[in-house]
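A.B. asks: So the chains spell out like this:
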Amino acid sequence: MFLADVIGTVVSPVQTPILDGRTLLLLRPLTPDGAPQGIARIGIDNIGAGVGDRVLVVDEGNSGRQLIGDPNGPVKTIVLGIVDFVEIDGEHVYAEQRRGKVARITP
Amino acid sequence: MYLARVIGRVVATEAYPGLEAVPFQWIQPLDEEGQDSGQPLVACAAIASGPGDVVHFVDGREGALACPETFVPVDAAIIGYVEEAVAFGRNLVDEARR
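From first to last, the protein sequence lines stand for chains C and H.
Each residue of the first sequence is one higher than the one before, starting from 1 at the first, in this note's numbering.
Each residue of the second sequence is one higher than the one before, starting from 108 at the first, in this note's numbering.
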């Protein structure tokens, strides 16, 4: 599982049937202390997350299929939690109440 | 699951049983700006798509599950055609096609 910021939404009118009716979110993967890490992901929303939320994401097929409820679904990346706070070595490195606006990383 | 742009197609007349009718395509993964990121790869097209289209794909064992025959040696499959991917007020599909 990894942490990510929800940075956008994805609209896909033609897709594998198991994804019909589900919300696809554009995710920016993060290190534990909140620095961007790696390429953007697309996650299936399973919790009601929205743009600006910091979320917990599972990126493993069996867990994904369990959450979606289909033993043969081609799914992998699922948003399964909205993060309240992250504590490392006794310090809050992220708190939902004090979160800033998720911004574009200027190229 | 990742965003990608279809950049070409691969034709294999001899393919593993179960993959004969499955089209292969070259895809280029995209970052959150809609720009190319990382190496292109070949993916099965579980959803009809062609060069220039922006799609989303799944990697790993799940790629095979998107194919008509699910016990096949596949590690990436296109699972959706992306019409719009909006981040920070910009449509990444337009950025990718630029």
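Treat the hints as calculated values from the structure; they're not laboratory data.
The structure presented is a predicted model; accordingly, all values stated were derived computationally and were not measured.
Do not take every clue at face value.
[Claimed, not checked] Cβ pair distances, simulated, as ranges:
#, chain 1, residue 1, chain 2, residue 2, range
1, C, ILE82, H, VAL193, 30 to 38 Å
2, H, LEU148, C, ASN72, 31 to 39 Å
3, C, ASN72, H, GLU191, 26 to 34 Å
4, C, PRO36, H, TRP133, 50 to 58 Å
5, C, PHE85, H, GLU127, 26 to 34 Å
6, C, ASN72, H, ILE114, 24 to 32 Å
7, C, ILE88, H, GLU176, 14 to 22 Å
8, C, GLY48, H, VAL193, 25 to 33 Å
9, C, PRO13, H, PRO175, 19 to 27 Å
10, C, GLY48, H, ASP182, 28 to 36 Å
11, C, VAL14, H, ALA128, 34 to 42 Å
12, C, ALA35, H, ASP201, 34 to 42 Å
13, C, PHE85, H, THR120, 35 to 43 Å
Glycine included, each C-beta is placed from N, C-alpha and C at the ideal position.
A.B. asks: For every hint, state whether the structure bears it out.
C.D. replies: Okay, the hints, checked on the actual structure:
| no. | hint | result |
| --- | --- | --- |
| 1 | C:ILE82 with H:VAL193: 30 to 38 Å | violated (20 Å) |
| 2 | H:LEU148 with C:ASN72: 31 to 39 Å | violated (23 Å) |
| 3 | C:ASN72 with H:GLU191: 26 to 34 Å | holds (28 Å) |
| 4 | C:PRO36 with H:TRP133: 50 to 58 Å | violated (27 Å) |
| 5 | C:PHE85 with H:GLU127: 26 to 34 Å | violated (52 Å) |
| 6 | C:ASN72 with H:ILE114: 24 to 32 Å | holds (29 Å) |
| 7 | C:ILE88 with H:GLU176: 14 to 22 Å | violated (46 Å) |
| 8 | C:GLY48 with H:VAL193: 25 to 33 Å | violated (18 Å) |
| 9 | C:PRO13 with H:PRO175: 19 to 27 Å | holds (21 Å) |
| 10 | C:GLY48 with H:ASP182: 28 to 36 Å | holds (32 Å) |
| 11 | C:VAL14 with H:ALA128: 34 to 42 Å | violated (18 Å) |
| 12 | C:ALA35 with H:ASP201: 34 to 42 Å | violated (28 Å) |
| 13 | C:PHE85 with H:THR120: 35 to 43 Å | violated (56 Å) |
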